[in-house]
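These protein sequence lines are chains A and B, in that order.
Numbering-wise, our numbering puts 225 at position 225 of the first sequence, and it's gapless, one number per residue.
Numbering-wise, our numbering puts 196 at position 196 of the second sequence, and it's gapless, one number per residue.
Keep in mind the hints are simulated off the structure, nothing from the lab.
Note that beta-carbon positions come from the ideal geometry of N, C-alpha and C, so glycine has one too.
Some hints could be false.
To give a feel for the contact side, a few chain A residues facing chain B, derived at Cβ under 7 Å [said to hold, decoys possible]:
#, residue
1, Phe91
2, Val103
3, Glu107
4, Asp136
5, Ala138
6, Pro139
7, Glu141
8, Pro142
9, Leu151
10, Ala155
11, Tyr156
12, Ser158
13, His162
14, Gly275
Covered by chain A, per the in silico footprint, the following chain B stretches (three or more residues, Cβ under 8 Å) [what the hints assert, rightly or not]:
#, region
15, 90-101
16, 126-137
17, 144-155
Protein chains: 2
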Amino acid sequence: MRILVTGGAGFIGSHLCERLLARGGQVWCVDNLRLGRRRNIAHLAELPAFRFIELDVLDRPALAALFDEAAFDAVFHLAANSDIAAGAGDFRLDLELNQLTTVTVLEAMRAHGVKRLFFASTSAIFGETDALLHEDYAPLEPISFYGASKLAAEAYVSVFAHTFGGRAVVLRFPNVIGERATHGVIYDFLRKLEADPGKLEVLGDGNQSKPYLYVGDLVEAVLTAWDKAEGPLGVYHAAGIGTTSVRDIAEIVVAAAGRRDTRIVYTGGDRGWPGDVPRFRYDSSRLQALGWQPQRHSTEAVRYAVERILANGF
Amino acid sequence: MRILVTGGAGFIGSHLCERLLARGGQVWCVDNLRLGRRRNIAHLAELPAFRFIELDVLDRPALAALFDEAAFDAVFHLAANSDIAAGAGDFRLDLELNQLTTVTVLEAMRAHGVKRLFFASTSAIFGETDALLHEDYAPLEPISFYGASKLAAEAYVSVFAHTFGGRAVVLRFPNVIGERATHGVIYDFLRKLEADPGKLEVLGDGNQSKPYLYVGDLVEAVLTAWDKAEGPLGVYHAAGIGTTSVRDIAEIVVAAAGRRDTRIVYTGGDRGWPGDVPRFRYDSSRLQALGWQPQRHSTEAVRYAVERILANGF
Chain A
1 MRILVTGGAG FIGSHLCERL LARGGQVWCV DNLRLGRRRN IAHLAELPAF
51 RFIELDVLDR PALAALFDEA AFDAVFHLAA NSDIAAGAGD FRLDLELNQL
101 TTVTVLEAMR AHGVKRLFFA STSAIFGETD ALLHEDYAPL EPISFYGASK
151 LAAEAYVSVF AHTFGGRAVV LRFPNVIGER ATHGVIYDFL RKLEADPGKL
201 EVLGDGNQSK PYLYVGDLVE AVLTAWDKAE GPLGVYHAAG IGTTSVRDIA
251 EIVVAAAGRR DTRIVYTGGD RGWPGDVPRF RYDSSRLQAL GWQPQRHSTE
301 AVRYAVERIL ANGF
Chain B
1 MRILVTGGAG FIGSHLCERL LARGGQVWCV DNLRLGRRRN IAHLAELPAF
51 RFIELDVLDR PALAALFDEA AFDAVFHLAA NSDIAAGAGD FRLDLELNQL
101 TTVTVLEAMR AHGVKRLFFA STSAIFGETD ALLHEDYAPL EPISFYGASK
151 LAAEAYVSVF AHTFGGRAVV LRFPNVIGER ATHGVIYDFL RKLEADPGKL
201 EVLGDGNQSK PYLYVGDLVE AVLTAWDKAE GPLGVYHAAG IGTTSVRDIA
251 EIVVAAAGRR DTRIVYTGGD RGWPGDVPRF RYDSSRLQAL GWQPQRHSTE
301 AVRYAVERIL ANGF
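Given only the sequences and the hints, what does the whole structure look like? Please build it.
Below, the structure written as C-alpha cells:
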C-alpha cells in the first residue's frame, strides 16, 4: 500500500511511519518541519520503502505534483498545529494549520481519486463538560481555536466521505505523550527544571485531570481503527485507563528529574490557559469493541513517557 | 441599540432589518450585493435609523473602520452563501462565504469589544438522518460544504462565547421561504414555468420532504431567541409545523402560476443534487418554550410564500 503521511516527521507522525513501514507499507512522509524534526525520522531514512519530502501541504501545486507522481492508495493526515496554547489568541493559526491543511488534502485526494483517509482529531472538539464522552456526545461547544478548527476539519471529512465516495476514519486523540513530543505538560516541566532545578512553576491549581495515552498505544489505536472500521465514515475515541492530575504529573517529573529540594509552585486558577479544558473523560468502548486495548493506566503512561523522554533527550 | 446586520440586503436580512427598525433599533446594513439586492431595502433607505453600506465583510480593514466609526452594541451575522447547490462542487466557496465571514466578524467584534452576536446557522450541519433533530442531536455529519462551513462557523462562535466573554445566539434555520428569496425550490419552479409554461422539470423523484417556514415567522423566531436566550451560548431550532414534499410544492406552484395543461416531470433519484438532504424533521420545542410559536403548517407556508412572491415579482 502506497501511503502518504502528512506531518510524518512530527511526534505522532514519526511513530506512525515506523509502524506502517513495519507492516510492509510504502511511506511518503511529508512535513514542513514547523513542529516536525528531521531527527525524528533519521533512523528511517535508509529504508527503501520510506521517502521524506519537505513540503507544506498548504502549497497546493507542490501537493498536487506529489499526488501525480506517487499514486497514493491512502492518506494519513496528521499535519497540524498540535500546540493548543500556541493558537489561543489567534483566530487564524489553527484555522490554517488544522482545518485548511485538511481541506487542501481532501481537494488533492478528490482530484486524484484517492479514497481512503485517516484523520487525527481531538477531544477538544467537545469543549468543557463533565460527561463521559462517547463518539456521539453533544453539544459540541469547543472553547479553543484548536478544538474549533479540528471540528471544522471533521465536518469537511464528513462531506468527503458521504458525498464524494471517500472512506474516512477519524480518531479523536486524548493527550498523547512519549518521546519526540515537542510540547505538552511533561516537556514544559522538564524544560523548566532544566532552567531552574530548584523550582517548578505549574500553570493552574494542579487539579486539571485528563486521560494520557502513551504514543505507542495511540499508534495501535490508529491501526485498529484503520483496519476494522466499516462504512464511509468511522469515528472513534482512544484513551488510556483513568485520568491523571497535573499535580501528579509534576510530582512524577520532579521525582524523575528534579532535585530532592525542588519546590512545586502553582499559579492558581482552574486551568493552564484560556481554552484549556481542565477535565475530561473519554469512552473508548467503540474502538475496544474492534479489538484495541489500552495497555496502561494513564498515570503509568505518564511515568513511562517521562522515562522514555529522559532516555531519548528532549 | 446600535446593530450591525451583515447580509442585510439579502432575503432574510432585509426582513430582519425591517423588524429591528420597527423595534426602535439603529441599523447598519452591510452587504456585498452578491446575493443581496438594493431593491430589497429601497423602502428603508429614507429612515433616519437605517444606513446601508456596500461592503464585503471579508474586507477586514473596511470592516474594522466601520466598527471604529459605529460603536455597535450587537451584530446579526447573516452574510453567507445561502445557495447550497451553488457550493456543491467547490471546497472553498462556502468555506469563505460562510465560515471565514464569521471568523472575520468575530475578530472585529473581539477587537472592538462588541459582545452580543446573533448567528444564522442551518439544519444542514446534521447531514442525513431520519431522527427528530433536537439541538443536541449527534453525530453531526454534514453532507454538503454548506453544512460543513456552517458547522465550522458555529465552532468559532462557541469559542467566542465560552472563552472570549461573548454572548451568542445561534438559530439553525430550516428551509425559509417568502418574497425576496433569490433561489430555492419555489423560485426554481416559477422561473422554469416562465421559460416553459407547458412543462415543469423537478429535480429528484419529488419525495424529498422538509419543513418550510415563512420568512416572517423566521424573523419572529430570531427575535424571540435574541430576547430570551440566557448564558454565553444559546442554540435553537425553528421550523414550521410538519413537512412538505417537493411534489406538493410543484403542484402548488403549478396551480398558482402554471397552465391547466402543465406537465410535471421528475428527473428521478432521491435528491435534487449531491449534498441535498432529502428529508429532515426539526424539534423546535426549546424555542417554543421561550414563547415562539410557528404560525403555519409547512404546506400553508408554501402556499402563502408562492402568493407573496407572485404579488411582489421575482
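Among all the numbered hints in the text so far, which are the ones the structure does not match? none
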